[in-house]
Amino acid sequence: MKASISLLVLLFSMCGAQTRSTQTEVQTESQSTGAAAAAAAEVSTQLDVSAELKELREMVVELRVMLRYTQDDLKVVEERLGISEIQSAVLMTRLAASEAEVIDLKKENEALSADLRSVAESLAATKSDVENLEETSEKSKVAFSAAQSADLRAAERLSATKAELENMEKTSETSKVAFSAGLPSGYTQAGHNELDLVFSEVITNAGHGYDSSSGFFKAPVSGVYYFRFTVRDDISAHSMYISMYKNDQRLMQLNEYDTDGKGTYLSSGLTLQLEVGDVVNLRLPAGDRLYNDVHNHSTFSGVPLFPL
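Residue numbers (mature numbering (1 follows the signal peptide of the UniProt record, and there is no 0)): -19 to -1, 1 to 289.
Do not take every clue at face value.
[Claimed, not checked] Computed cross-link-like contacts, PhoX-like style, restricted to lysine-lysine with a CA-CA straight-line distance of at most 25 angstroms: (1) Lys122 / Lys108; (2) Lys108 / Lys157; (3) Lys199 / Lys243; (4) Lys157 / Lys143.
[What the hints assert, rightly or not] Between beta-carbon pairs, the in silico distance windows are: (5) Asn228 / Gly268: 34 to 40 angstroms; (6) Glu112 / Ala92: 42 to 48 angstroms; (7) Phe197 / Ser126: 53 to 59 angstroms.
I should point out that these hints are in silico values taken from the structure, not numbers from a laboratory.
Glycine included, every Cβ here is placed at the ideal spot set by N, Cα and C.
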C-alpha cells in the first residue's frame, strides 16, 4: 500500500514539473514571437495539460484499483499472519509440552540407569552365587558318583549274596530230596500193553518227591539228578526188558537173556537235568515180568546232585 502511494506522489510531481516547463517555454516563445503567437501557444498548452490530466486520471483510477487489490491482498496476508501466529502459539505450547516430556524422559532415563546398575550388580552377585553353586554341585556330583559306586558295589555284593543264598536254598531243597523203593513181593506182570512200574515198597523218600502210588518221581526244583535201578526175573530162556522215561520220552531200554534159570538181573543208571515238574519213571514192555521179595532184588532210586 505504501509503495502505491509513493508511486502516485511521484506521478503528480512529474506532471507538475512538466507543466511548469511548458509554461516557461510558452512565455519564452511569447516574448520571442510576439503577442500573435501567444494565443495559439496558450491554446496548445491547455490542450496538452488536458491530455496529461486525463492520463493522470486514468493512472489514478488504475492506482485505486491496484490499491484495492493490494488492500485485499494485505487483508489476506494479515489473516494468514493471524493463523500463523495461532499456529505458532500452538507449536510453542507443543514445544513446551515436548520439553516437559523430555525432562520427564530424562528423569525416567536416569531412574532406569540406576535400576540397570542395580540389576547389573544383582546379576554379578547372582553369577557369583551360580558359580559357587556349580562348584558345590560339581563336588556333590563327585560325592554322589562315589556314593553311587559304593551303592553299586554294595548292590553287586548283595546280588551275589542273594544268588548264593538262593543256590544254598536250592541246594538245601534238592539235598532234601532222595528216594529208594522196591517192587512188591512176588511177580509183577505186564499185560498186552506197556506197564508203568510202581515201586510201592518205599525204603527212603526224603522230600516226598517220589509217588509210591504211581511210580513217578517229580522234580521239586531244577537241577541235575542221578537215577539208578536194579531188576530181576527168574524165567529161563527168556529175554527181560526194562525202559526209563522222562516226561513220556524214552531215554534208555535194556534187556538181558536168561539161560540158566537161576535168575537174571538188569542194572543201570542215568544222570538227568530236570526242570521243576519233570517226571521220571520205569516201564515194563508188554508180556514181560519182574520178580521181588523181602530182599529187594528189584529197586528204583534217585538222588539230586546239584541245583541249576
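We went through each hint and held it up to the structure:
For the suggested pair Lys122 and Lys108, the alpha carbons sit about 20 angstroms apart, so the restraint of at most 25 angstroms is met. Annotation: proposed proximity of Lys108 to Lys157 is violated, straight-line Cα distance about 70 angstroms (limit 25 angstroms). In summary, the hint linking Lys199 to Lys243 is not supported, as the alpha carbons are separated by about 35 angstroms, beyond the 25 angstroms threshold. Between Lys157 and Lys143 the CA atoms are separated by roughly 21 angstroms; this keeps the pair inside 25 angstroms, and the hint holds.
Distance hint for Asn228 and Gly268: a CB-CB separation of about 25 angstroms, inconsistent with the stated range 34 to 40 angstroms. Against the hinted window of 42 to 48 angstroms, the Cβ-Cβ separation of Glu112 and Ala92 comes to about 30 angstroms, which falls outside the hint. Checked against the hint of 53 to 59 angstroms, the pair Phe197 and Ser126 passes, with Cβ atoms roughly 56 angstroms apart.
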